[in-house]
Amino acid sequence: GAVVSQHPSWVICKSGTSVKIECRSLDFQATTMFWYRQFPKQSLMLMATSNEGSKATYEQGVEKDKFLINHASLTLSTLTVTSAHPEDSSFYICSARSPWSGRTGSTDTQYFGPGTRLTVL
Amino acid sequence: GIQVEQSPPDLILQEGANSTLRCNFSDSVNNLQWFHQNPWGQLINLFYIPSGTKQNGRLSATTVATERYSLLYISSSQTTDSGVYFCAVSGNRGSTLGRLYFGRGTQLTVWP
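Order-wise, the sequence lines are chains U and L. Mapping of the first sequence onto this note's numbering: residues 1 to 121, in sequence order. Mapping of the second sequence onto this note's numbering: residues 122 to 233, in sequence order.
So here's chain U without its partners, still in its complex pose (with noise of 0.2 Å):
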């Protein structure tokens, strides 16, 4: 159980077009996704946290209007970059929360997307 999907698994793109990334829970309902980012050798970055039904919550220093999310249902959240730039290009993941608390007795547990990678020529 807690199977996260994300779509595409890799992209290239063009400098100024833009990318959608789907996140899904396969086989839960996930009210909160959040969205990271990874550069090579280095850690996991929060982007922003996406709330079904809601606004996302950005972190500081991303760009709203440049990474666009949209949760509009419980299993699907998605995330396109804008006017994509060769400096966008990364190693994007996401994850879900699952209100299972079977497996590890908590509802706080993540659940990870096998990542996209973005690169932008």
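Possibly wrong hints are sitting among the right ones.
Label-pair distances were calculated between CB atoms; the ranges are [to be verified]:
#1 53/U - 200/L: 42 to 50 Å
#2 199/L - 114/U: 17 to 25 Å
#3 165/L - 41/U: 12 to 20 Å
#4 200/L - 41/U: 19 to 27 Å
#5 64/U - 137/L: 25 to 33 Å
Source of the hints: derived by calculation from the structure; they are not laboratory data. From the three backbone atoms N, C-alpha and C, an ideal C-beta is built for every residue, glycine too.
Guided by the hints, dock chain L onto chain U, whose structure is given.
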């Protein structure tokens, strides 16, 4: 926020060796997770362990919440254990609630 420090940053082992990875954190936590990031980038949950001790096969973890550290033990390491191990915590008050703060990870390389 909460500061999370992991040590060592890099660890190279011969297959069969044991190892201990450490995670120190700067504030009280209500969630601590250990992850293994495989070479393809997938983060795999190893333990949810805000306190106490857990074991899963060759892996075990101990968190001493009052002293703000956690340890991950890997016994009889295998080449498939290679990758980056992350510790992440979330706090129990204010803005630290519900969000995970990650350490910089320990890069483990196991040679055959």
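Comparing the hints with the structure gives:
1. Taking 42 to 50 Å as the suggested C-beta distance range, the pair residue 53/U and residue 200/L conforms, at roughly 45 Å.
2. As the Cβ distance of residue 199/L to residue 114/U is approximately 22 Å, the hint placing it in 17 to 25 Å holds.
3. One distance hint, 12 to 20 Å for the beta-carbon pair residue 165/L and residue 41/U, holds here, with the actual separation near 19 Å.
4. Take residue 200/L and residue 41/U: their Cβ atoms lie about 20 Å apart, and the range 19 to 27 Å holds.
5. Against the hinted window of 25 to 33 Å, the Cβ-Cβ separation of residue 64/U and residue 137/L comes to about 50 Å, which falls outside the hint.
Of the numbered hints listed earlier, the single one contradicted by the structure is hint 5.
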